[in-house]
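Q: Since the structure of chain A is provided, determine the placement of chain B on it from the hints.
There are 2 protein chains.
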Amino acid sequence: MKDKTGHYEFVAEPFHVDFTGRLFMGVLGNHLLNCAGFHASERGFGIANLNESNYTWVLSRLAVELTEMPEAYGKFAIDTWIENVYRLFTDRNFAITGPEGKVYGYARSVWAMIDMDTRKPADLLTLHGGRITDYTLASRMCPIEKPGRIKVSSQTACRDIDIRYSDIDINGHVNSIKYMEHVMDLFPKEWYTDRHLYRFEMAYVAESYYGDTLSFFRESRRNGNEFDIEVRKNVGRKEAPFGETVCRSRLIFRNK
Amino acid sequence: MKDKTGHYEFVAEPFHVDFTGRLFMGVLGNHLLNCAGFHASERGFGIANLNESNYTWVLSRLAVELTEMPEAYGKFAIDTWIENVYRLFTDRNFAITGPEGKVYGYARSVWAMIDMDTRKPADLLTLHGGRITDYTLASRMCPIEKPGRIKVSSQTACRDIDIRYSDIDINGHVNSIKYMEHVMDLFPKEWYTDRHLYRFEMAYVAESYYGDTLSFFRESRRNGNEFDIEVRKNVGRKEAPFGETVCRSRLIFRNK
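First to last, the protein sequences are chains A and B.
Under the numbering used here, the first residue of the first sequence carries the number 1, and numbering increases by one thereafter.
Under the numbering used here, the first residue of the second sequence carries the number 257, and numbering increases by one thereafter.
In case anyone wonders, no lab produced these hints; they're calculated from the structure.
Note that beta-carbon positions come from the ideal geometry of N, C-alpha and C, so glycine has one too.
It is possible that some hints are incorrect.
[As the list claims (entries may be wrong)] Reference listing, derived: stretches of chain A covered by chain B, where coverage requires no fewer than 3 residues with Cβ under 8 Å from a Cβ of chain B:
#, segment
1, 21-35
2, 159-168
3, 174-184
4, 187-194
[To be verified] With a straight-line Cα cutoff of 20 Å, these simulated SDA-like cross-link-like pairs (lysine to any residue) come out:
#, chain 1, residue 1, chain 2, residue 2
5, B, K331, A, D169
6, A, K4, A, C142
7, A, K146, A, A95
8, B, K445, A, D212
9, A, K189, B, S422
10, A, K238, A, T156
11, A, K189, B, D468
12, A, K75, A, K102
13, B, K331, A, G46
14, A, K189, B, H429
15, B, K331, A, E9
16, A, K189, B, G428
17, B, K331, A, E42
18, B, K445, A, D169
19, B, K331, A, I170
20, A, K120, A, G130
21, A, K75, B, G302
22, A, K102, A, E65
23, A, K75, B, F266
24, A, K256, A, N225
25, A, K189, B, G467
26, B, K445, A, Y165
27, A, K75, B, S297
28, A, K189, B, N427
29, A, K75, B, D425
30, A, K151, A, F253
31, B, K445, A, E207
32, B, K445, A, T213
33, B, K331, A, N49
[Stated by the list, open to error] Computed from the model, here is a short list of chain B residues facing chain A with C-beta under 7 Å:
#, residue
34, V273
35, A328
36, Y466
Bound conformation, chain A alone (with noise of 0.2 Å):
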């Protein structure tokens, strides 16, 4: 049997940092996404084998956590591997760690399993016999929280913006990856000098496509240093005058 843990290497590449030096939260994102890919492959839960028998995995909630971010040129990796599997999610957590025993942080993340045709959950507990279970490992620790409940009353959007072609995925949807980018678009540059996004959490509730208008609706919470985003498509439209809620998202910052 695989070894339960998954383990990355990577290079901060130095167009994927931003201008303090410090690897895109984006960019991160995109690397724990391939490593949730490639850990899921190798144990035989990867997409390609899904497709053959018409499920995908979908990612529900993302949360990460870091006391610091990779810089440029420099050697980082991701360890994953699953906590729990449910039912209808499976738990699946990560640590990003650098050389000589460095932790940048870890992340945690929740999906699910859809048959493509009908849209419906999968049952993960049957999934292949239940083979899924044996690549659980509750032992290692998660030292950050779980991505929590998010909700927005604001009614006034701070940005609107139209779907590009680069923004759309090989399923001809938004990708996950693009709303975490405009998400951290909607702060000035400023505004990063001195702060350093801490926690970032992303709950994705439904797809938006091409054609789409996303409306972005935030509210800061306690000290002025974190943040509640709602993304909704297409407000104002005459058949959902509010919209559709396409993903939450929570940031908190810490002054540097």
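A: For chain B alone, kept in the frame of chain A given last:
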């Protein structure tokens, strides 16, 4: 002496392909620039070495020509080598290949080296005792045309965008890859359904920064499948009503 050709291997990651399942041109561009960096560093001419001596490489032109783009999860490789070194510029070429002798296409690039304080170009033929010429490989063919001259006379922008946090790189400039993405995003998604971007050229003229507004001027050429695009910054401001040219691009599409 290091082999004159650098060879680097990649996989087309799932979030790095467009809705047709083919690698985004911007992602390929990022890989090309990384390969240029790897190849130069391995031979003592990388940014890290140069920074010590206060020089940096600046990309002046890029032309990519492809009969096809790598597909999702597909393996591909990039070879890179120096064709020529002149006093102020060097020509670096690329071949993009797949397994079993497949050739996706080629790319050409032109680079200068500048002094970071004076912003003046360095004399490449005398730098490091002229050792850079040890690495030229004029014998390897790069069977695509050199970047041409692009001239756009349109005075009506087809899109204006404000520069965002995600556009800015570690040097505080809009990164070279983001211009490529913004240019691709001028075309609707449907445009890419039955067309393939056969040739992409970019001439980098000036830097742009956070706070700048970019305007895109586009003209179609010949058969309607060729476009010249000029990107200007801060059009309409009092001091320079026509703005300042940041880069120029030519896109040649082919019907699938």
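Q: All the hints need checking, so say for each whether the structure fits it.
A: Structure-based check of each hint:
With 6 residues having a Cβ less than 8 Å from any Cβ of chain B, the segment 21-35 of chain A passes the three-residue criterion, so the hint holds. Counting residues of the segment 159-168 of chain A whose beta-carbon sits less than 8 Å from any beta-carbon of chain B gives 4, enough to reach three: the coverage restraint holds. As drawn, the segment 174-184 of chain A meets chain B at 5 residues by the rule of a beta-carbon pair under 8 Å; at three or more, the given contact holds. Only when three residues or more bring their CB closer than 8 Å to a CB of chain B does the claim for the segment 187-194 of chain A stand; here the count is 5, and the claim holds.
Using a Cα cut-off of 20 Å, the hinted pair K331 of chain B and D169 of chain A holds, with the two alpha carbons roughly 19 Å apart. Only pairs whose Cα atoms come within 20 Å are accepted, and K4 of chain A paired with C142 of chain A is accepted, the gap being roughly 15 Å. Taking the CA atoms of K146 of chain A and A95 of chain A, the gap is near 14 Å; set against the 20 Å cutoff, the hint holds. About 12 Å separates the Cα atoms of K445 of chain B and D212 of chain A, which keeps this hinted pair within 20 Å; it holds.
Among the hinted pairs, K189 of chain A with S422 of chain B is consistent with the structure: their alpha-carbon atoms are about 9 Å apart, no more than 20 Å. Using a Cα cut-off of 20 Å, the hinted pair K238 of chain A and T156 of chain A holds, with the two alpha carbons roughly 18 Å apart. Taking the CA atoms of K189 of chain A and D468 of chain B, the gap is near 12 Å; set against the 20 Å cutoff, the hint holds. At most 20 Å may separate the alpha-carbon atoms for a hinted pair to count; K75 of chain A and K102 of chain A meet this at roughly 11 Å.
A distance of roughly 17 Å separates the Cα atoms of K331 of chain B and G46 of chain A; the hinted pair therefore holds under the 20 Å criterion. With a CA separation close to 12 Å, the supplied pair K189 of chain A and H429 of chain B stays within the 20 Å bound. For the hint linking K331 of chain B to E9 of chain A, the alpha-carbon distance of about 18 Å falls within 20 Å, and the restraint holds. This hinted pair checks out: K189 of chain A and G428 of chain B have alpha carbons roughly 10 Å apart, not beyond 20 Å.
Under the criterion of a C-alpha separation no larger than 20 Å, the hint pairing K331 of chain B with E42 of chain A is consistent with the structure, at around 17 Å. As the CA atoms of K445 of chain B and D169 of chain A are separated by approximately 11 Å, the hinted pair is consistent with the 20 Å bound. Under the criterion of a C-alpha separation no larger than 20 Å, the hint pairing K331 of chain B with I170 of chain A is consistent with the structure, at around 17 Å. In summary, the hint linking K120 of chain A to G130 of chain A is supported, as the alpha carbons are separated by about 18 Å, within the 20 Å threshold.
At roughly 17 Å between alpha-carbon atoms, K75 of chain A and G302 of chain B fall within 20 Å of each other, so this suggested pair holds. For the hint pairing K102 of chain A with E65 of chain A, the CA-to-CA distance comes to about 15 Å; that is within 20 Å, so the pair holds. The hinted pair formed by K75 of chain A and F266 of chain B meets the criterion: a straight-line CA distance of about 18 Å does not exceed 20 Å. For the given pair, K256 of chain A sits about 12 Å from N225 of chain A by alpha-carbon distance, which is consistent with the 20 Å threshold.
At most 20 Å may separate the alpha-carbon atoms for a hinted pair to count; K189 of chain A and G467 of chain B meet this at roughly 9 Å. Taken as a hint, the K445 of chain B and Y165 of chain A pair is honoured in the structure, with Cα atoms around 5 Å apart against an allowance of 20 Å. Of the pairs offered as hints, the one joining K75 of chain A and S297 of chain B holds, with about 16 Å between alpha carbons and a cut-off of 20 Å not exceeded. Taken as a hint, the K189 of chain A and N427 of chain B pair is honoured in the structure, with Cα atoms around 13 Å apart against an allowance of 20 Å.
In summary, the hint linking K75 of chain A to D425 of chain B is supported, as the alpha carbons are separated by about 19 Å, within the 20 Å threshold. For the given pair, K151 of chain A sits about 18 Å from F253 of chain A by alpha-carbon distance, which is consistent with the 20 Å threshold. For the proposed pair K445 of chain B and E207 of chain A, the alpha carbon gap of about 17 Å is at most 20 Å, so the pair holds. As the CA atoms of K445 of chain B and T213 of chain A are separated by approximately 14 Å, the hinted pair is consistent with the 20 Å bound.
This hinted pair checks out: K331 of chain B and N49 of chain A have alpha carbons roughly 18 Å apart, not beyond 20 Å. Below 7 Å, beta-carbon pairs count as interface contacts, and V273 of chain B has one with chain A at about 5 Å; its hint therefore holds. For A328 of chain B, the interface hint holds, since its Cβ comes within 7 Å of a Cβ in chain A; the closest pair sits about 6 Å apart. With 7 Å as the threshold, the beta carbon of Y466 of chain B comes within range of chain A, its nearest partner Cβ sitting at about 4 Å, so the hint holds.
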